[in-house]
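Undergrad: Listed below are the residues making up each chain.
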Amino acid sequence: MRTEDLIKALTADHGHRAMPLDRVLLLALLGGSALTGLAFFIWIGLRPDVAAAAQTVRFLFKFVVTLALVATSLGVVTRLARPDTKLGPWGWSLLAAPVLLALAVAAELIALPAASWWPRLVGSNATVCLTVVPLLAVAPLAGGLLALRHGAPSRPGQAGAVAGLLAGGIAATFYAANCTDDSPLFVATWYPLAIGLVSLIGGWLGRRILLW
Amino acid sequence: MVDCERELRWTTLMQLAVAGDAQAYHELLEDLARALRATVRRGLAQAGRGPDEAEDVVQETLLAIHLKRHTWESTKPLGPWVRAIARNKLIDALRRRGAHLEVPIEAAPESALGVASEVPLPQRDLDRLLGELSTRQRDIVRSISLDGRSIRATATRLAMTEGAVRVALHRSLKQLAAIYRRIGP
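Taken in order, these protein sequences are the chains called A and B.
Heads up: the first sequence runs through residues 1 to 212, numbered per this note's numbering.
Heads up: the second sequence runs through residues 1001 to 1185, numbered per this note's numbering.
Keep in mind that a hint or two might mislead.
As the list claims (entries may be wrong) - Using 30 Å as the maximum straight-line C-alpha spacing, the simulated DSS-like pairs for lysine-lysine come out as follows:
hint, chain 1, residue 1, chain 2, residue 2
1, B, Lys1076, A, Lys86
2, B, Lys1174, A, Lys86
3, B, Lys1076, B, Lys1174
Hints listed in this document are in silico derivations from the structure and should not be mistaken for laboratory results.
Modelling step: build the complete structure from the supplied sequences, incorporating the hints.
TA: Encoded structure:
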């Protein structure tokens, strides 16, 4: 087939309209979050003392960190979904959540006597955190990867890994409303492990299924 | 060196195409094919390859441009987007051919579109890839491309509805892109 013949076929298919990429990404995000929310409320739900907890800075700050991760990784992943967009300052934005968390850890170390550092870090829900967060991340990760397949990422592994960060961030936001360990020492130890695992899986899958 | 005037025209043509102008789309693809030919040959030469697989890469790139055109943001110039896709497809082709060749994405030519030879060399065909499609799909693609029939004429000839031909054509193109990815031409 000569190239001009191929062009005829492509022109004939010109009427086919794909859904805009941003809309697909948004639908995937909303759909994935809704499923995660549903699973969360059916499976573990809010912690019993959530009203009292909502009065404390430590509890609320968990959401500052996880939502910062959700916002920045969403911004990055929408850029990685297209073949030509440079990340620019958006790449650095992914540092927002870790930096916020590091500041909170520093504040916690100042506020608490050294003797209570270790018990706070270990907490009582480490295994739960490491199990529940990856499981809650399944739906948004699947949604994100499907949406990325609609796009054309130049770096499939990176795109998949950031979709993993986004999914992990969504899962962690829900999980944080169940977990009774609020110390930044706990959050900084276990949340990154759980979210990092999701990101690794996302990157691994991305290199395989995001080729176009 | 980027030919600004030419790239401005590409952007205009793609905007027209998105608005539904098939003639503009045809014209755009033809000019992109000419520009890609030169880029791809230079890229192959830089990787120490001859130009004989160039036309295959051009065709695969055109297919990707077509199937992924919704990832272009209409407020941006088309040139950089086309070059990004061309770079990806060239790297795919180099990796596929040279079994363990590692080509870092940055090493691919940043490409000077539109210089040098834009005339097609005799290429190996897509026909082998067409062989991977179902008989019905192959009939449709052949009828529209090689025989140059319209969708309507193809529908009449194959006793299908126009809608069914459109759907089958689009699926065939997506499948061709997937076959390229899997085995290469």
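Undergrad: Each hint: holds or not?
TA: Tested hints:
The suggested pairing of B/Lys1076 with A/Lys86 holds, with an alpha-carbon distance near 13 Å, which does not exceed 30 Å. Distance hint between B/Lys1174 and A/Lys86 is fulfilled; the C-alpha atoms sit about 27 Å from each other, no more than 30 Å. In summary, the hint linking B/Lys1076 to B/Lys1174 is supported, as the alpha carbons are separated by about 25 Å, within the 30 Å threshold.
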